[in-house]
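Residues in the sequence shown are numbered from 1 upward in steps of one, following the UniProt record's numbering.
By construction, these hints were calculated from the structure, which means they are not laboratory data. Please note that a few of the clues may not be correct.
[As the list claims (entries may be wrong)] Computed cross-link-like contacts, DMTMM-like style, restricted to lysine to aspartate or glutamate with a CA-CA straight-line distance of at most 20 Å: (1) K219 x E86; (2) K219 x D111; (3) K124 x D188; (4) K125 x E210; (5) K162 x D144; (6) K206 x D188; (7) K219 x D177; (8) K219 x E105; (9) K141 x E105; (10) K125 x E64.
Please read these numbers as outputs of a predicted model, since none were measured by experiment.
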Amino acid sequence: LNTGFGRAAEKGGGTGVGGDPPARTTAKAAFCAQGASVDTFSSVLHVPKAELNNVVYSLNVFLEKKKKKKKRVWSQNLHVVSLSSEYRGLVKHTGGCHCGAVRFEVWASADLHVFNCNCSICTKKQNRHFIVPASRFKLLKGADNLTTYTFNTHRAQHTFCKTCGVQSFYTPRSNPDGYGIAPHCLDDGTVQTIVAEDINGKEWEKAVKEHKTIRDMSKP
1 LNTGFGRAAE KGGGTGVGGD PPARTTAKAA FCAQGASVDT FSSVLHVPKA ELNNVVYSLN
61 VFLEKKKKKK KRVWSQNLHV VSLSSEYRGL VKHTGGCHCG AVRFEVWASA DLHVFNCNCS
121 ICTKKQNRHF IVPASRFKLL KGADNLTTYT FNTHRAQHTF CKTCGVQSFY TPRSNPDGYG
181 IAPHCLDDGT VQTIVAEDIN GKEWEKAVKE HKTIRDMSKP
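Turn these sequences into a full structure, and let the hints guide you.
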């Protein structure tokens with residue numbers, strides 16, 4: 001506080017307004033700050049109204065700053081809780097293409113569930129992938145070095161590096177709101193196990209319709 005009794009109270013000595021100990025004077029001023037009449041306390045404490053008004057104003061400013069700080073800390077803590085809840089049980093994998101022009105990071109389990117599809121294009125390019133929500137994938141570099149191939153329904157976006165031709169990730173037809181990540185394009189050290197599941201891409205519509213969980217894999 002920018003008052004004599006406030007500085008004395010901080011140092012633990014001196015007297016407050018009206019001869020009271022600093023702590024008691026501060027408490028009285030705080031009571032005023034909560035809505036009691038300044039006129040009443042001015043006469044009781046034998047202190048000029050203007051001086052007491054300054055004390056009340058200083059306390060109000062102090063309390064308001066304290067309130068805002070608490071709100072800010074709570075907001076930050078809430079963000080941390082939210083972040084940790086979304087990624088609980090996951091690890092951050094990094095990976096990319098062969099030449100290094102394309103790099104990404106992705107949050108997923110250390111134990112990967114990979115699809116082995118036998119549709120025409122997945123067979124020719126030997127595509128195996130695990131699916132993640134778009135929010136858990138981040139392209140670190142190489143956006144301008146990617147090109148995309150589409151065919152048939154054009155829903156699947158087969159992205160690959162212009163330089164080396166490697167497809168390290170793509171947008172699957174089954175999960176247009178997520179990404180299919182090639183496990184063999186991840187850096188070493190974060191994958192513990194890989195379980196592969198065959199999916200009959202030759203009868204794509206039937207296979208996806210009958211699969212119980214594939215659509216949900218791109219949901220956060």
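Results for each hint:
Distance check on the hinted pair: K219 and E86 sit about 11 Å apart at the alpha-carbon level, within 20 Å; holds. Proposed proximity of K219 and D111 is supported: the alpha carbons are some 18 Å apart, at most 20 Å. A threshold of 20 Å between alpha carbons decides the hint, and for K124 with D188 the separation of about 26 Å lies outside it, so the pair is violated. The straight-line distance between the Cα atoms of K125 and E210 is roughly 25 Å, outside the 20 Å bound, and the hint therefore fails.
A C-alpha spacing of about 9 Å is found between K162 and D144, which places the hinted pair at or below 20 Å, so the restraint holds. Proximity of K206 to D188 is assessed by CA-CA distance (about 35 Å); at most 20 Å being required, the pair is judged violated. Only pairs whose Cα atoms come within 20 Å are accepted, and K219 paired with D177 is accepted, the gap being roughly 8 Å. For a cut-off of 20 Å, the pair hint linking K219 to E105 stands: about 18 Å separates their Cα positions.
The hinted pair formed by K141 and E105 meets the criterion: a straight-line CA distance of about 10 Å does not exceed 20 Å. At most 20 Å may separate the alpha-carbon atoms for a hinted pair to count; K125 and E64 exceed this at roughly 63 Å.
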